[in-house]
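Listed below are the residues making up each chain.
4 protein chains.
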Amino acid sequence: MKTINVAVNGYGVIGKRVVEAIDLQEDMKLVGIGDVAADWRIQTAASKGYAIFANTEDGRNAMTQENIQVAGNLDDLLDAADVVVDCTPKKFGAENAQRYKSAGVKFIVQGGEKHHITGHSFAAESNYISALGRHSTRVVSCNTTSIVRTLSALKRADLLKKARGTLLRRATDPWESHKNGIMNTMVPEPKIPSHQGPDAQSVDPELDVVTAAVKVPQTLSHLHYWTVQLTREASKEEVLKAFDTSTRTAFIKMSDGLSANNAVKELMLDINRPHGDMYEVAIWEDMLKVEGDELYYAYLVDNQAIVIPETIDAIRALTEIESDPQKSIDKTNQSLGIRQQFV
Amino acid sequence: MKTINVAVNGYGVIGKRVVEAIDLQEDMKLVGIGDVAADWRIQTAASKGYAIFANTEDGRNAMTQENIQVAGNLDDLLDAADVVVDCTPKKFGAENAQRYKSAGVKFIVQGGEKHHITGHSFAAESNYISALGRHSTRVVSCNTTSIVRTLSALKRADLLKKARGTLLRRATDPWESHKNGIMNTMVPEPKIPSHQGPDAQSVDPELDVVTAAVKVPQTLSHLHYWTVQLTREASKEEVLKAFDTSTRTAFIKMSDGLSANNAVKELMLDINRPHGDMYEVAIWEDMLKVEGDELYYAYLVDNQAIVIPETIDAIRALTEIESDPQKSIDKTNQSLGIRQQFV
Amino acid sequence: MKTINVAVNGYGVIGKRVVEAIDLQEDMKLVGIGDVAADWRIQTAASKGYAIFANTEDGRNAMTQENIQVAGNLDDLLDAADVVVDCTPKKFGAENAQRYKSAGVKFIVQGGEKHHITGHSFAAESNYISALGRHSTRVVSCNTTSIVRTLSALKRADLLKKARGTLLRRATDPWESHKNGIMNTMVPEPKIPSHQGPDAQSVDPELDVVTAAVKVPQTLSHLHYWTVQLTREASKEEVLKAFDTSTRTAFIKMSDGLSANNAVKELMLDINRPHGDMYEVAIWEDMLKVEGDELYYAYLVDNQAIVIPETIDAIRALTEIESDPQKSIDKTNQSLGIRQQFV
Amino acid sequence: MKTINVAVNGYGVIGKRVVEAIDLQEDMKLVGIGDVAADWRIQTAASKGYAIFANTEDGRNAMTQENIQVAGNLDDLLDAADVVVDCTPKKFGAENAQRYKSAGVKFIVQGGEKHHITGHSFAAESNYISALGRHSTRVVSCNTTSIVRTLSALKRADLLKKARGTLLRRATDPWESHKNGIMNTMVPEPKIPSHQGPDAQSVDPELDVVTAAVKVPQTLSHLHYWTVQLTREASKEEVLKAFDTSTRTAFIKMSDGLSANNAVKELMLDINRPHGDMYEVAIWEDMLKVEGDELYYAYLVDNQAIVIPETIDAIRALTEIESDPQKSIDKTNQSLGIRQQFV
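For the record, the sequence lines run as chains A, B, C and D.
Mapping to numbering that gives the first Met the number 0: the first sequence position 227 is 226, numbers consecutive.
Mapping to numbering that gives the first Met the number 0: the second sequence position 4 is 3, numbers consecutive.
Mapping to numbering that gives the first Met the number 0: the third sequence position 261 is 260, numbers consecutive.
Mapping to numbering that gives the first Met the number 0: the fourth sequence position 105 is 104, numbers consecutive.
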């Protein structure tokens with residue numbers, strides 16, 4: 000089997016998960032990690048045996064001082080790679096794209112970057128084919144990925160007319176919640192519609208979707224509430240069956256005690272997911288309600304994890320190591336233990 | 000001028016505010032407070048000179064031990080009153096209603112109680128007239144009051160077809176946040192639709208409204224997001240004008256820095272509101288968006304304060320001391336400093 | 000009576016409270032407020048009738064755009080003042096001090112600034128006399144003020160040998176808790192001892208005090224825990240009597256239900272304190288324990304409010320409008336309603 | 000090798016971790032789990048293949064309804080076991096003890112129970128020997144375990160005279176933080192000294208230790224601050240060396256970016272600890288300070304994990320399957336990956 004050499008640039012919340020996911024793929028090989036820090040995060044990566052590349056001279060010096068063996072600089076890392084997954088903070092992706100292009104290496108940026116940087120926005124179940132052989136793509140953000148997954152499922156069943164959502168966002172990620180949080184308040188996006196609706200349309204322009212978004216003071220996951228105008232009156236069973244056509248949504252039940260973000264996080268830890276990650280969109284089955292031609296439902300999105308399988312698929316699409324979308328999705332799902340029922 | 004003798008039974012978050020609001024009305028006189036506790040809250044009420052009545056023997060003993068002068072028992076309190084405002088915890092209102100009826104005193108219960116206890120649910124701007132001379136009414140809950148106020152305004156302007164809302168609720172009130180809270184999570188209501196939609200219909204059965212609700216880990220105020228199907232395409236100005244027909248909604252602006260629950264709370268404290276109370280529904284003017292025949296907006300609800308002016312109006316309606324709704328509303332607004340612009 | 004003209008530079012958490020406190024003093028007159036912002040905070044100040052001065056051209060333009068009448072620039076404000084209270088953010092105080100000196104106006108900086116900027120650190124009950132007629136002083140920080148107040152009381156009673164404290168700090172103030180917080184974690188000061196011990200010694204070098212400090216995810220108040228080595232075995236009554244010699248400490252009781260920061264905050268709102276402010280150090284009387292020659296106790300510090308009375312006294316000391324410390328303290332206490340028992 | 004049959008009664012935060020730890024021991028075999036619930040937690044346990052026993056008839060019915068295969072009742076479970084680890088909620092341990100005695104099975108209760116229930120309180124590094132062959136013991140609580148580990152290390156080095164601690168406790172555990180929390184406040188224990196000092200003395204009566212405790216609004220871990228009077232002036236190196244004599248304390252550094260509870264939790268997840276568990280007491284090496292004969296330091300305690308290795312050792316002590324304390328500790332440490340440096 001051909002093996003793709005993958006570099007990961009930026010070892011943060013997404014980067015480290017991409018690294019671990021690549022390790023689980025039979026058709027990929029991690030050639031190294033680029034970063035600029037030398038704190039406990041990079042020390043831990045080094046102690047696991049990953050090759051660490053220093054993106055800056057300051058970074059190299061700091062790493063050396065902490066006894067982290069430096070395998071080279073960013074150019075060296077790119078030289079070794081067929082494709083690089085950019086997981087650097089928001090402002091760096093655009094600049095890095097230029098570098099990846101100059102180096103002639105395929106690349107993937109994350110959803111914090113603008114669509115125009117790659118000209119293609121990716122969600123595996125929706126448009127894998129259109130990414131085949133491209134030089135680059137953008138894996139859309141956690142919120143957008145969940146929107147595209149769920150609304151596309153309704154669309155495939157010819158049930159979706161229009162969808163209006165309220166997105167309750169985790170305010171910050173756990174690892175940086177000591178310096179970047181909100182307390183005892185909520186922070187609405189200043190504008191309605193928020194950007195996630197148009198972002199979903201960057202994957203599928205046909206989706207009629209409008210969103211409002213607000214940050215809430217918790218670190219665990221996003222919670223989306225939806226009102227959907229269906230194309231016709233439908234039964235709850237029809238809707239559940241539609242969602243089931245996505246292999247990356249899972250049903251959970253209030254009646255099982257899975258009644259809040261923390262309970263679902265604990266479940267993920269209990270089933271031995273690394274970091275307690277949930278790659279699936281977790282839809283409350285018993286909360287979901289159909290009234291005539293209207294549908295109401297809510298789900299949880301693990302913002303740290305949901306884009307990981309998408310990124311793995313994007314690597315396969317760009318490199319054409321697998322041209323069949325479902326085969327790639329199945330490999331990824333299998334390797335990460337993605338499932339449609341948790342209990 | 001005739002003066003109504005009012006008793007307040009239960010000196011909690013709502014009770015103490017009703018007491019203070021009655022003190023500000025020229026046509027009302029507080030005859031006393033009924034309670035069962037003797038802690039700092041009742042000690043403070045007593046130190047302000049309010050007459051304290053003990054609802055139970057245990058309560059009387061505890062009060063005596065804390066040197067709180069006990070003015071009598073609940074029967075004594077009811078004897079002295081033309082109307083009693085029940086502000087006891089949820090489970091007691093139904094039982095107390097029987098007692099108020101037996102004592103032949105008019106009464107008001109809060110929104111935690113069921114509609115059937117009084118057979119009438121009250122929101123001043125919507126149905127004051129229908130409460131005139133009744134023996135009892137129920138002031139609907141904070142969430143429902145805000146829904147009725149805002150949707151009724153749209154309805155008066157013939158703009159409302161149907162409304163779908165997501166209600167982000169404060170998880171607990173500040174005074175009891177040391178024993179009754181949620182942490183680093185969100186807790187959705189298990190069912191959609193949540194009860195607030197039907198509750199709004201207990202005031203106005205014509206409202207086509209569906210809600211979903213979720214508790215978020217903060218103590219300050221509720222935040223409601225709405226998608227409204229208008230009866231026709233409309234301009235933003237038309238919508239703003241519609242909301243302006245309620246004297247108890249106020250516009251706030253993100254662009255003034257009023258960008259989160261905490262900022263609005265701080266503003267209320269800065270304009271010298273007692274307890275930092277906001278009686279108005281605070282609608283973000285610059286976030287509100289009309290697209291064709293759809294309207295999107297969000298507002299804040301101070302769950303501790305919004306029902307206070309409604310309760311004052313309900314007293315006037317039951318006792319017929321004022322038969323003109325707008326005159327009662329104006330008196331209440333004037334006394335509490337209610338306004339439609341804060342800055 | 001002579002009246003002192005006071006300017007307040009910086010209208011934030013401390014500045015607005017100083018403004019309101021000055022308004023309550025018979026021997027002081029507020030000549031105006033200097034600031035650079037034009038958001039709801041300054042709009043509210045202007046709507047209350049305070050004279051607003053623009054410290055920068057950008058500030059003036061922003062204010063004009065928001066229809067805030069600008070009374071002049073910082074030079075104009077200083078011209079009108081006998082003394083200026085600097086309440087600008089931390090980094091500006093040192094720079095401003097130069098300006099105040101050039102303008103020949105006496106000045107007070109807040110505890111965020113270094114001691115050397117004024118060469119004098121102030122706590123009314125400890126060293127009012129030494130500030131008499133000085134050109135400037137620094138009112139020490141909220142934490143330090145509480146430490147000096149309480150330990151000085153023990154020292155006056157010849158009970159204090161050494162004190163070791165753990166300071167649990169509120170992570171951010173409510174008004175900015177939407178952008179500057181910590182979530183579901185605690186953040187220790189990296190070094191022990193933390194700076195508050197030496198800072199207390201800038202007021203009284205004889206205090207043997209060592210502190211450790213940590214930020215906790217709440218916005219209400221600081222909580223200090225102390226272990227004190229007494230000079231001798233003592234009774235609880237002796238210790239309580241010692242604390243009673245400060246007119247700015249108050250005892251609270253767990254047994255009254257005042258069992259947490261939120262309950263005490265609610266009490267302050269219930270007794271009609273503006274902003275719910277607590278100027279006093281609130282010591283738990285029934286938690287305080289003496290075992291042999293060791294003393295253990297804990298208290299709450301309202302970090303937004305505790306330095307306000309100190310600042311008022313500092314104005315009197317610098318301007319020598321009152322040369323007797325206790326007379327100034329009494330005037331301030333009277334005007335602000337400071338008391339030693341809340342319930 | 001002889002294998003001990005172990006039952007775990009109660010599958011909560013501690014119970015599930017004990018189950019997983021037993022699975023890792025070569026000299027132990029899990030015979031089953033007793034519980035009364037049938038929600039996602041027990042469903043997950045069943046799906047992992049553990050034998051589930053129903054402690055009550057209601058429990059059995061609920062389990063059957065959820066398609067959980069019930070292996071028997073509590074008597075059946077005890078019949079199969081040489082020793083049972085009781086991990087039921089606080090109020091049940093005392094009652095269960097009678098049942099274990101009647102069944103003639105050795106048992107271990109958790110630190111929420113009183114000392115007198117077993118007459119012996121256990122901490123592996125302190126008193127393993129005294130538990131050898133006993134019928135029962137109590138593994139002391141998370142806070143107490145950490146206190147005994149660290150102070151015993153100082154005692155072994157003849158450095159400990161007396162220790163005074165402030166314990167900042169997580170307010171609730173993540174899995175139940177949707178129903179049992181505190182918000183935007185802190186809740187002090189009403190009494191100083193708090194119970195943890197005397198509890199540590201139930202393991203080692205010679206420890207001169209006084210504690211105060213307070214709940215803070217976070218779910219991750221406890222944070223303890225200590226002031227220790229040493230027996231003599233000592234160097235920081237001597238103190239570090241003393242702590243190093245415990246194999247279950249680890250040093251962490253602020254300078255590595257491990258500056259708050261959340262960062263340390265993230266590290267545990269990054270090094271693949273199940274549930275992100277930290278069995279060690281994590282002492283900040285660079286924060287620790289010695290001044291003359293006084294020592295100041297702080298550490299983190301993972302309250303869900305720290306007692307797990309102690310419980311494993313307690314099983315070996317009661318059953319005498321290993322009579323050498325250090326050999327048991329080493330086996331446990333090895334199996335759980337306990338280490339003295341994380342990065």
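Hints in this document: simulated from the structure, not taken from any laboratory.
Among the hints, erroneous ones may be present.
Since the list gives no way to pick out one identical chain from another, each pair is judged satisfied if it fits inside one copy or across any two copies.
Here are the simulated lysine-lysine pairs, DSBU-like style, with alpha carbons at most 30 Å apart [as the list claims (entries may be wrong)]:
#1 K161 to K235
#2 K240 to K190
#3 K240 to K90
#4 K178 to K47
#5 K28 to K161
#6 K178 to K190
#7 K161 to K47
#8 K240 to K89
#9 K178 to K161
Verification of the supplied hints:
Proximity of K161 and K235 under a CA criterion of 30 Å is satisfied in both settings, with 17 Å inside one chain copy and 22 Å between copies. For a Cα distance limit of 30 Å, the shortest separation of K240 from K190 across copies, 20 Å, qualifies, whereas the shortest one inside one copy, 34 Å, does not. Within a single copy, K240 and K90 get their C-alpha atoms no closer than 40 Å, and across copies no closer than 41 Å, so neither meets the 30 Å cut-off. Taking the closest pair of Cα atoms, K178 and K47 come within 30 Å of each other only inside a single copy of the chain (27 Å); across copies the shortest separation is 35 Å, beyond that limit.
Taking the closest pair of Cα atoms, K28 and K161 never come within 30 Å of each other, the shortest separation being 42 Å inside a single copy and 54 Å across copies. With identical chains, the CA atoms of K178 and K190 are at most 30 Å apart both within one copy (26 Å) and between copies (18 Å). In this homomeric assembly, K161 and K47 never come within 30 Å of each other (Cα to Cα): the closest approach is 47 Å inside a single copy and 41 Å across copies. In this assembly of identical chains, K240 and K89 lie within 30 Å of each other by CA distance neither inside one copy nor across copies; the values are 37 Å within and 41 Å between.
Taking the closest pair of Cα atoms, K178 and K161 never come within 30 Å of each other, the shortest separation being 39 Å inside a single copy and 34 Å across copies.
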